[in-house]
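Novice: Whole structure, please, built from the sequences with the hints as guidance.
2 protein chains.
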Amino acid sequence: MKIGVIGGGQLGRMLALAGTPLDMNFVFLDPAPDACAAALGEHLLAGYDDPEALRRMAESVDLVTFEFENVPAETVAFLSQYVPVYPVAESLRIARDRWFEKSLFKELGIPTPEFADIQSQADLDAAVAAIGLPAVLKTRTLGYDGKGQKVLRQPADVSGAFAELGSVPCILEGFVPFTGEVSLVAVRGRDGETRFYPLSHNTHVGGVLNLSIASTDHPLQALAEDYISRVLTRLDYVGVLAFEFFEVDGGLKANEIAPRVHNSGHWTIEGAECSQFENHLRAVAGLPLGSTAKVGESAMLNFLGSVPPTDAVLRIADCHLHHYGKAFKAGRKVGHATLRCQDAATLQARIAEVQALIARG
Amino acid sequence: MKIGVIGGGQLGRMLALAGTPLDMNFVFLDPAPDACAAALGEHLLAGYDDPEALRRMAESVDLVTFEFENVPAETVAFLSQYVPVYPVAESLRIARDRWFEKSLFKELGIPTPEFADIQSQADLDAAVAAIGLPAVLKTRTLGYDGKGQKVLRQPADVSGAFAELGSVPCILEGFVPFTGEVSLVAVRGRDGETRFYPLSHNTHVGGVLNLSIASTDHPLQALAEDYISRVLTRLDYVGVLAFEFFEVDGGLKANEIAPRVHNSGHWTIEGAECSQFENHLRAVAGLPLGSTAKVGESAMLNFLGSVPPTDAVLRIADCHLHHYGKAFKAGRKVGHATLRCQDAATLQARIAEVQALIARG
Numbered sequence: 019m020k021i022g023v024i025g026g027g028q029l030g031r032m033l034a035l036a037g038t039p040l041d042m043n044f045v046f047l048d049p050a051p052d053a054c055a056a057a058l059g060e061h062l063l064a065g066y067d068d069p070e071a072l073r074r075m076a077e078s079v080d081l082v083t084f085e086f087e088n089v090p091a092e093t094v095a096f097l098s099q100y101v102p103v104y105p106v107a108e109s110l111r112i113a114r115d116r117w118f119e120k121s122l123f124k125e126l127g128i129p130t131p132e133f134a135d136i137q138s139q140a141d142l143d144a145a146v147a148a149i150g151l152p153a154v155l156k157t158r159t160l161g162y163d164g165k166g167q168k169v170l171r172q173p174a175d176v177s178g179a180f181a182e183l184g185s186v187p188c189i190l191e192g193f194v195p196f197t198g199e200v201s202l203v204a205v206r207g208r209d210g211e212t213r214f215y216p217l218s219h220n221t222h223v224g225g226v227l228n229l230s231i232a233s234t235d236h237p238l239q240a241l242a243e244d245y246i247s248r249v250l251t252r253l254d255y256v257g258v259l260a261f262e263f264f265e266v267d268g269g270l271k272a273n274e275i276a277p278r279v280h281n282s283g284h285w286t287i288e289g290a291e292c293s294q295f296e297n298h299l300r301a302v303a304g305l306p307l308g309s310t311a312k313v314g315e316s317a318m319l320n321f322l323g324s325v326p327p328t329d330a331v332l333r334i335a336d337c338h339l340h341h342y343g344k345a346f347k348a349g350r351k352v353g354h355a356t357l358r359c360q361d362a363a364t365l366q367a368r369i370a371e372v373q374a375l376i377a378r379g
Numbered sequence: 019m020k021i022g023v024i025g026g027g028q029l030g031r032m033l034a035l036a037g038t039p040l041d042m043n044f045v046f047l048d049p050a051p052d053a054c055a056a057a058l059g060e061h062l063l064a065g066y067d068d069p070e071a072l073r074r075m076a077e078s079v080d081l082v083t084f085e086f087e088n089v090p091a092e093t094v095a096f097l098s099q100y101v102p103v104y105p106v107a108e109s110l111r112i113a114r115d116r117w118f119e120k121s122l123f124k125e126l127g128i129p130t131p132e133f134a135d136i137q138s139q140a141d142l143d144a145a146v147a148a149i150g151l152p153a154v155l156k157t158r159t160l161g162y163d164g165k166g167q168k169v170l171r172q173p174a175d176v177s178g179a180f181a182e183l184g185s186v187p188c189i190l191e192g193f194v195p196f197t198g199e200v201s202l203v204a205v206r207g208r209d210g211e212t213r214f215y216p217l218s219h220n221t222h223v224g225g226v227l228n229l230s231i232a233s234t235d236h237p238l239q240a241l242a243e244d245y246i247s248r249v250l251t252r253l254d255y256v257g258v259l260a261f262e263f264f265e266v267d268g269g270l271k272a273n274e275i276a277p278r279v280h281n282s283g284h285w286t287i288e289g290a291e292c293s294q295f296e297n298h299l300r301a302v303a304g305l306p307l308g309s310t311a312k313v314g315e316s317a318m319l320n321f322l323g324s325v326p327p328t329d330a331v332l333r334i335a336d337c338h339l340h341h342y343g344k345a346f347k348a349g350r351k352v353g354h355a356t357l358r359c360q361d362a363a364t365l366q367a368r369i370a371e372v373q374a375l376i377a378r379g
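Chains as they are written, first to last, in the working numbering: chain A, 19 to 379; chain B, 19 to 379.
One should not assume that every hint holds.
Since the list can't tell identical chains apart, any single copy or any two copies may satisfy a pair.
Only pairs whose alpha carbons sit at most 16 Å apart, straight line, appear in this in silico EDC-like list of lysine to aspartate or glutamate [as the list claims (entries may be wrong)]: (1) 312 with 291; (2) 312 with 235; (3) 344 with 41; (4) 271 with 125; (5) 20 with 77; (6) 271 with 199; (7) 165 with 115; (8) 351 with 41; (9) 165 with 125.
Honestly, the hints are just simulated from the structure, not real lab data.
Specialist: Below is the structure:
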């Protein structure tokens, strides 16, 4: 089976590593000449809106999927004329616009921070008056890893904030005094069968995911599964979807969804019976889903900017290196380490070892 | 790091899948246009004795390794002028000739069936008189998966047997009434550090490996480790080496070694903390070795001739598919399944499920 992937970054690379043993071949559409997935398949070097490249991809593959959600709606519509596209267009439309996303949460009865649509500075002033400070102003589209957002702490931060983010459509979100951040990765097959990984407990630094620890019997697992199921069913979703939540007062408030494999699920490569990458491919290909059960105690640490020397990473017991083969650049996600241990105490010790290695720079 | 691999079959393919996350890139030299590793690296389409191709490979890679041992000695010598080659030439010279191999076992005090060098039918007649029947006549080189050998059960089988195998140098081996077949996969680093996987219990059908089950606390583990260590040290070996033994009277008799990753170690992809493929690459690259500890109870079943439908394989719980992307052909190794289970009883049940699927054809 030949799979077309829009995007050829590390998520595409890990999809190909998971899919090759299932007899899948990959074609990546990516305008970057050094797209790091290219080593594992065919690389269509073209823009996401290049009709000639899209047509060539559609004609040569059995289905198309995405490694990121910020794809023009026209791209999805164009491809869908020729070939099955998963996840379905509606999921992408919702997930790439924070206003649609939050509105869906509200419609489905999923608690989420207060929010308001912001089309002007006047809208912003009114929304701040209603929601209060602190609050976070975010562009409706194209935001990721803390980009395209601004925290408004005091009235002085508000004036001019809309222009600072480019005078593009935004939403304002009330600040949530959360005690933790968790994400649920789920996979739903073409037939509607759904499986859930254990909740990941996530730590962000400067808006970028730093550490994910797979939970065991998390008390909010069932609630998170309920919430994500509402979204999956409503969108008739196919593939892996990640749902990020704030832990607030012993409950959950929805932050955002990602209609794709997700950084907080990278631990599943070694830490789960069947990884999020394999399960996404199984789902979109109409194959039976794999087990989402944990294998040992597991965590993932991102390497940002650079990957420590390979021998130093591999010297740490229980540590698995995932180097993305990307050029090093400050703040860029260039690799991660997965830890898989016998017990939680060992896992904590190993996390400290990897963190110490990262700190050495 | 760029790795040159002589051979681009399934072993090369699985090496590339293991090495890509370590930031390794691969160049495969293989005369077959449809070499199944080619999807995961650069493919030099040339013979193993093509000096131009060998020079091009040597100039573009950091080191060269092998996915099979039947490489001309001249190839190894030629490459070694330009680039480090692992395992070392002497290992390949020994392992590809059954006479050298058995002679080494004898020299190192490792029990092995009686054997004799056969250069003519007269040699064979004399050897049969000395060793007795039944016995097995094998070509000294180029034999694998039961090819290049003939079982001699009665005197009538002996006459003309040397010509039947092509009148090439052979050895005669006394038949061993074994109770089981096991193999030990070990990895030795450039610095001499050595690690051992648990013994695999192997079942062959028609000379071809059918099923490997990873053992737990096998009573012969220590003995097998002693024997393989003698070989590793004597050859100053670097990389993964597999040693196949017969279980005889509660002890071990050496059958053969393979200076490479081995079919009986395929279960380590999911069934061990660090797979034989990753550990081979770590060893030849001078990186720290990974843990050879088991993760759960594990077994591997070969798919010969064809791979059952993907959805049927993936429907079996605890089952991981490894499709080699090769054209189906009677008897050809075209894929395998790894099972990884919580306990031995579940593993046996799952093995039966996969066997039933294979039997359905």
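Novice: Run every hint past the structure and note whether it holds.
Specialist: Status of each hint after checking the structure:
In this assembly of identical chains, the alpha carbons of residue 312 and residue 291 lie at most 16 Å apart whether taken from the same copy (6 Å) or from different copies (14 Å). In this homomeric assembly, residue 312 and residue 235 come within 16 Å of each other (Cα to Cα) only inside a single copy, at 11 Å, whereas the closest approach across copies is 25 Å. For the identical chains of this complex, residue 344 and residue 41 are inter-copy neighbours only, at 9 Å across copies versus 26 Å inside a copy, given an alpha-carbon limit of 16 Å. For a Cα distance limit of 16 Å, the shortest separation of residue 271 from residue 125 inside one copy, 14 Å, qualifies, whereas the shortest one across copies, 71 Å, does not.
Taking CA atoms no more than 16 Å apart as the test, residue 20 paired with residue 77 passes inside one copy only; the shortest distance there is 11 Å, against 33 Å between copies. For the identical chains of this complex, residue 271 and residue 199 are intra-copy neighbours only, at 10 Å inside a copy versus 58 Å across copies, given an alpha-carbon limit of 16 Å. Proximity of residue 165 and residue 115 under a CA criterion of 16 Å is satisfied intra-copy only: 14 Å inside one chain copy versus 62 Å between copies. Only between protomers do residue 351 and residue 41 lie at most 16 Å apart by alpha-carbon distance; the minimum there is 14 Å, versus 28 Å within a single protomer.
Taking the shortest Cα distances, residue 165 and residue 125 never come within 16 Å of each other, neither inside one copy (27 Å) nor across copies (67 Å).
Comparing the model with each numbered hint stated earlier shows that hint 9 is the single one that does not hold.
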